[in-house]
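Asker: Generate coordinates for the entire structure from the input sequences, incorporating the hints supplied.
When the count follows this note's numbering, it moves up by one through the sequence shown with no breaks and lands on 1668 for the last residue.
Just so you know, these hints were derived from the structure itself, not from any lab. No residue lacks a Cβ here, since even glycine has one placed at the ideal position from N, Cα and C. Treat the hints loosely; a few may be bogus.
[As the list claims (entries may be wrong)] Cβ-Cβ distance ranges computed for the label pairs, FRET-style:
id, residue 1, residue 2, range
1, A1472, D1629, 22 to 32 Å
2, E1491, R1618, 13 to 23 Å
3, A1468, R1618, 17 to 27 Å
4, T1641, A1472, 30 to 40 Å
5, G1601, R1621, 24 to 34 Å
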Amino acid sequence: MTSTDALDTLLAGYVAGGLPEPARVLVASHLEISERNRPFVRQLEAMAGAELETIEPIPIRHRDERLARIFALTADEPPRAPPSRHDPRLPDALARFLGRDLPDLRWRTLLPGVRECRLGETDGCEATLYWIRGGKPIPAHTHEGLELTLVLDGAFSDGEGRYGRGEIAIADDEVDHRPIAEPGTDCLCFAVTDAPLRLTGPIGRFFAPFMR
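Answerer: Structure (structure tokens):
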């Protein structure tokens, strides 16, 4: 089970604005789906605001000119809107990030009952959607960095804990696990990694060349 400390650290990074975009989208989506951590995030935001009020303002030379340049850089990049109609399992934050609905994405089959859609690299992180048929496993693997997984639908267990809709699983290089979707319901997940996964089981090693 993801430790409270690890999740609190992730949420604090979100409030501080220090997360890469895919991780920020993942946390924002978690907060849309689940009410559990919203009070904690509001508390962190209030603390951050109070801290800012104690800081003495520092005059910035040529402030107006600098602001004009900043706004000019972003003027041609309006915020992405979610598709006018999208799968109800997708939070708005994730729908905006994807820019398309689930059927319009490019999916590929990894194994029987397991499909993925790689969304590319942003801010040094890879973002991926996984669809896992109920009762099917993902090959055992560990991590060369950090892996964040948000459950969008269904649930999975991995020996570390059980994760249902709206919950975040956090795994690092000390975790070697084999996620299995709960029988009866397909599992849809959004995963963010900052380094490659490393397959560890015999089946995973056999399929490794086909999963790159």
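Asker: Hints first: check each against the structure and report whether it holds.
Answerer: Results for each hint:
{"no.": "1", "hint": "A1472 - D1629: 22 to 32 Å", "result": "24 Å, holds"}
{"no.": "2", "hint": "E1491 - R1618: 13 to 23 Å", "result": "19 Å, holds"}
{"no.": "3", "hint": "A1468 - R1618: 17 to 27 Å", "result": "25 Å, holds"}
{"no.": "4", "hint": "T1641 - A1472: 30 to 40 Å", "result": "35 Å, holds"}
{"no.": "5", "hint": "G1601 - R1621: 24 to 34 Å", "result": "25 Å, holds"}
Violated hints for the displayed structure: none, as all numbered hints are satisfied.
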